[in-house]
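Peer 1: With the sequences and hints as input, model every part of the structure.
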Amino acid sequence: MAPTPLAPLSAAILVAAFLISVAPASASSWALALKTGSTAEAQAQPAPPAPASASAACVSSTVAKVTVTWSAVVHATTYTIYKSTTTSTGSYSSTATGVTTTTWTSGTLTTGNYYFKVAAYVGSKWLGAQSAATAESTIATNSCVQP
Amino acid sequence: MSVTGLVRTSGSLHASGKRSGSRARWTRKTKVVSAVAGALLAGGGAYAATNWAVGLAGGSSGEAQSATVSNLTISAVATPAAANVMYPGGNGDVVLTISNPNSFPVTVTGVNLPTNTTYAAGYTTSGLSTAQTGCSSSTSDVIWNYSTTTSGSSHNLTTAVTVAPSGQPGNPLTVTLTNDASMTVAAPSACENTFFSMPALTGVTASGGAATATTSPATDSWTS
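Those protein sequences? They're chains H and B, same order as listed. Note that this note's numbering has the first sequence beginning at 704, numbered continuously upward. Note that this note's numbering has the second sequence beginning at 3, numbered continuously upward.
Hints are all accurate, no fakes.
Short, incomplete list of chain B residues facing chain H, as computed with Cβ under 10 angstroms:
| # | residue |
| --- | --- |
| 1 | L130 |
| 2 | W146 |
| 3 | A183 |
Rather than coming from a laboratory, the hints here were simulated on the basis of the structure. The beta-carbon is built from N, C-alpha and C at its ideal position, and this holds for glycine as well.
Peer 2: Here's what the structure looks like:
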């Protein structure tokens with residue numbers, strides 16, 4: 704049977720139609736809704752570490768104040784300072800909160816021996832461990848002695 | 003996640019690119035009519051396939067149609083571990099895998115996020131099997147970074163990632179999303195040292211077709 708004039712045209716159209724029909728798999732774009740429960744994983748850091756290198760120093764030998772310094776804790780928001788007036792291993796109570804630098808100076812202290820520890824907050828609720836105690840600071844009337 | 007149940011949002015569904023198996027001899031008139039009809043249908047299919055919304059039907063697979071993408075799956079993965087972990091007031095990396103069961107590559111160009119009040123659930127280990135007490139999806143304060151008050155907010159990946167066809171290297175594709183998890187400054191201390199199953203994405207934007215598969219593992223992010 705001799706080819707008709709329309710045969711090449713129809714064949715070409717069929718080829719084009721087929722190519723276009725498979726185009727969605729090769730050039731389409733979808734907005735996909737995802738099944739509830741699809742997951743990805745993230746992780747949070749541990750509790751803040753204790754500040755290192757906490758130390759205390761008299762402001763001067765004639766002033767009953769002590770300056771405490773320590774090393775910064777990564778991501779720390781604030782620091783809390785604790786003091787003990789018994790021994791280095793005694794009971795500590797908070798004496799300053801919300802400190803945003805790595806140094807803090809006490810108010811005028813009463814006579815006695817003082818030890819200090821520091822802890823870091825990351826955010827408003829993550830409180831890290833307390834540092835090692837500072838060396839003893841001895842306060843007398845209008846004097847400060849740092850052994 | 004599984005993606006199934008195609009819902010056409012525009013145009014008409016094109017069922018298949020396959021030709022009929024009939025060996026019957028066609029008349030010239032039949033050929034012309036069929037060709038024109040085929041072209042029209044195919045054109046309609048191509049148009050319709052440019053914008054699919056895919057409904058939820060957990061676990062089932064999609065249809066074997068030319069414009070169907072099926073069962074693209076996003077899963078949590080523990081390896082590689084996030085090098086950049088979250089802290090209150092800070093961001094952290096998210097790690098996931100994307101599996102593509104289709105016979106063609108799928109390129110993901112963006113994501114849709116849940117609201118910024120949809121929190122991640124905390125777990126004690128990277129296996130995400132034991133819940134972390136006091137650090138649940140009600141309390142963790144861990145959200146997708148850049149999520150908004152509107153569910154489904156769209157965020158483009160810095161670099162599109164292409165998941166290879168099923169059974170080929172690069173599928174599944176492991177992706178670390180840099181700094182795309184966020185923890186508020188008021189996160190509870192119960193969430194210290196915790197692993198999180200991030201809230202489900204509400205959608206992704208993807209395209210199918212010829213593309214070079216991304217090498218796994220990859221690093222990507224959205225930054226706005």
